[in-house]
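2 protein chains.
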Amino acid sequence: MKKQEDEFIFSVAFLKHGHIYGMTKGLIEAGARLKYVYDDNAERVAKFVEQYPMATPVDSFEKILEDTDTQLIASAAITCERSDIGCRVMESGKDYFTDKAPFTTLEQIARAKRVVRGTQQKYIVYYSEYLHVESTVYAKQLIDEGAIGQVIQVLGLGPHRLNAPSRPDWFFLKEKYGGILCDIGSHQIYQFLIFADVHKAKVVNSQVGNYNHPMYPELEDFGDANLVSDQGSTMYFRVDWYTPDGLSTWGDGRTVILGTEGYIELRKYVDIAKDSRGNHVYLVNKNGEQYLNVEGKVGFPFFGQLIFDCINRTEEAMSQDQAFLAAELAIQAQIQAQVIR
Amino acid sequence: MKKQEDEFIFSVAFLKHGHIYGMTKGLIEAGARLKYVYDDNAERVAKFVEQYPMATPVDSFEKILEDTDTQLIASAAITCERSDIGCRVMESGKDYFTDKAPFTTLEQIARAKRVVRGTQQKYIVYYSEYLHVESTVYAKQLIDEGAIGQVIQVLGLGPHRLNAPSRPDWFFLKEKYGGILCDIGSHQIYQFLIFADVHKAKVVNSQVGNYNHPMYPELEDFGDANLVSDQGSTMYFRVDWYTPDGLSTWGDGRTVILGTEGYIELRKYVDIAKDSRGNHVYLVNKNGEQYLNVEGKVGFPFFGQLIFDCINRTEEAMSQDQAFLAAELAIQAQIQAQVIR
Numbered sequence: 012m013k014k015q016e017d018e019f020i021f022s023v024a025f026l027k028h029g030h031i032y033g034m035t036k037g038l039i040e041a042g043a044r045l046k047y048v049y050d051d052n053a054e055r056v057a058k059f060v061e062q063y064p065m066a067t068p069v070d071s072f073e074k075i076l077e078d079t080d081t082q083l084i085a086s087a088a089i090t091c092e093r094s095d096i097g098c099r100v101m102e103s104g105k106d107y108f109t110d111k112a113p114f115t116t117l118e119q120i121a122r123a124k125r126v127v128r129g130t131q132q133k134y135i136v137y138y139s140e141y142l143h144v145e146s147t148v149y150a151k152q153l154i155d156e157g158a159i160g161q162v163i164q165v166l167g168l169g170p171h172r173l174n175a176p177s178r179p180d181w182f183f184l185k186e187k188y189g190g191i192l193c194d195i196g197s198h199q200i201y202q203f204l205i206f207a208d209v210h211k212a213k214v215v216n217s218q219v220g221n222y223n224h225p226m227y228p229e230l231e232d233f234g235d236a237n238l239v240s241d242q243g244s245t246m247y248f249r250v251d252w253y254t255p256d257g258l259s260t261w262g263d264g265r266t267v268i269l270g271t272e273g274y275i276e277l278r279k280y281v282d283i284a285k286d287s288r289g290n291h292v293y294l295v296n297k298n299g300e301q302y303l304n305v306e307g308k309v310g311f312p313f314f315g316q317l318i319f320d321c322i323n324r325t326e327e328a329m330s331q332d333q334a335f336l337a338a339e340l341a342i343q344a345q346i347q348a349q350v351i352r
Numbered sequence: 012m013k014k015q016e017d018e019f020i021f022s023v024a025f026l027k028h029g030h031i032y033g034m035t036k037g038l039i040e041a042g043a044r045l046k047y048v049y050d051d052n053a054e055r056v057a058k059f060v061e062q063y064p065m066a067t068p069v070d071s072f073e074k075i076l077e078d079t080d081t082q083l084i085a086s087a088a089i090t091c092e093r094s095d096i097g098c099r100v101m102e103s104g105k106d107y108f109t110d111k112a113p114f115t116t117l118e119q120i121a122r123a124k125r126v127v128r129g130t131q132q133k134y135i136v137y138y139s140e141y142l143h144v145e146s147t148v149y150a151k152q153l154i155d156e157g158a159i160g161q162v163i164q165v166l167g168l169g170p171h172r173l174n175a176p177s178r179p180d181w182f183f184l185k186e187k188y189g190g191i192l193c194d195i196g197s198h199q200i201y202q203f204l205i206f207a208d209v210h211k212a213k214v215v216n217s218q219v220g221n222y223n224h225p226m227y228p229e230l231e232d233f234g235d236a237n238l239v240s241d242q243g244s245t246m247y248f249r250v251d252w253y254t255p256d257g258l259s260t261w262g263d264g265r266t267v268i269l270g271t272e273g274y275i276e277l278r279k280y281v282d283i284a285k286d287s288r289g290n291h292v293y294l295v296n297k298n299g300e301q302y303l304n305v306e307g308k309v310g311f312p313f314f315g316q317l318i319f320d321c322i323n324r325t326e327e328a329m330s331q332d333q334a335f336l337a338a339e340l341a342i343q344a345q346i347q348a349q350v351i352r
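Chains as they are written, first to last, in the working numbering: chain A, 12 to 352; chain B, 12 to 352.
In case anyone wonders, no lab produced these hints; they're calculated from the structure. Do not take every clue at face value.
The list treats identical chains as one, so a pair stands whether inside a single copy or across any two.
[As the list claims (entries may be wrong)] Simulated pairs of lysine to aspartate or glutamate, DMTMM-like, Cα-Cα distance not exceeding 20 Å:
#: 1; residue 1: 297; residue 2: 272
#: 2; residue 1: 285; residue 2: 306
#: 3; residue 1: 308; residue 2: 40
#: 4; residue 1: 285; residue 2: 300
#: 5; residue 1: 308; residue 2: 51
From just these sequences and the hints, can you work out the full model?
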């Protein structure tokens, strides 16, 4: 099918993490057309095409790089390979949309920054715990409306279910996944950057540990970090692989945003023992204690904005600087981390 | 009224903080008899006697120190004076029960330790956010029963309502109140020591700031700290004076205890937008998501145990070492704190 003039076309390459399904879904719902799919594993491709039959499998990544219709390549490679792939994507004249974490080393970021400057292409990151969660998107609107005054602190809890048998080998190799703060910590830091409007920050403390998984010596099952922005706003986050078997979803993710005039608590994926839906927003300010469930009420403006940005070379969906900064701080936290157990 | 053989008699001296009412109430409900009350302000004494008419006002602290019936002196002096008063109490052959924070300097702690050793008297602290909150007491029972496995992390949020006009001058003078981490932070740290059974720990990061109260330059309206025990368990806590006017109580105190087999969340004083009572206990482990309100169901074993300890020279209510350690870590956090704003 030939490209229509007003069409936005993307292809998908590397299906190593299930997030690629969320990324694809978001883009298609926002009106993008999916063209090619590539992975080195035929089974993974077949499973993907079953869900997205409009995708044409190709037998090499190069075919997508060379395709002149494809404007953006969405990708969920092994974490440590995401950067190289992204640089190739940008050098082929396309924008790149990668699963998080987008990098595992500072050197990768430095190179990607150079390629962005040289090619003027985008290296956009699927920080899904911000951009694919309606309560989080809504919280940003509340903050922008002044509901809690100036943001003093963003506090994030990001527990995840390990489900070890479902994980590929590379998930347990630190060089490949980058460590817990680099991996699931990057989501948390991106939320700090957005909620507190941060463009410069430093990591003042970070820790990692493996408390209860000696069979996976390179897994970190616990990590936390403290950040301070150049404006004095702060972040604390904890990430872990300790979601109990009895929780009704994969993790009881919380975000608490403390402002000078009130605070917001997000119970993002469940309101434990009360409501198994997600997207619970609690707002306390001078007007009282307010509760709102925003499931199905906010949508995901990110994806439409991303398509718009790719077409118009704008930065509505995500600033390139903040996409890189979240990753950089996550890796800084990982490098500086004390091993406490 | 002459002391009966099986009676436990206490007196009260220094009424500078309203916590003295909670301390007195707890002791009386546990069966202690209140004998004398002293403060240098007649109005405060009159107000106290109105509530506790069995208390006989005396015109000097020395009269209480010299009273042979009084076995324990409960006291809520200006924070920086609590230590000197406590040493005089112990040197008079009585046990001391002080409001928190029990100290404002490490030197005070060192001296109090010497006096405890020399006199064999007790220096017990009203860490009310642990010992006078039923949900907190219940959480300890759950942990002891193995409901969440080994404790990995204790996370505490301790927001407080400032209500500046109701506060005395000394409340805003750092030398007198000790700083926010020393003051309301000491509660938090004590909870860590109890929940994670900690007898040795260090402060690895701490911060304080004054974000929005320039009229009180020595007030710290925000503080946080990270601790690690010698067993590898961790604590993060945030304390602040940012309870919004619209909250139905003085603070939305939370404690989240993460274990290897589950976690507990306490919504100690309110379940925002849902239930204005306190003592909400949420437990998630392999058995599912469970909710229990324990208001009126647990009581406060601390006070009866304290009386028993004073009589029998035991340590059921509070270990002297942990009482000191919580204060020492809080002051360490205060000394090490980066001023971020």
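Name the hints, by number, that the structure is in violation of. Checked against the structure, the only hint that fails is number 5, while the rest are satisfied.
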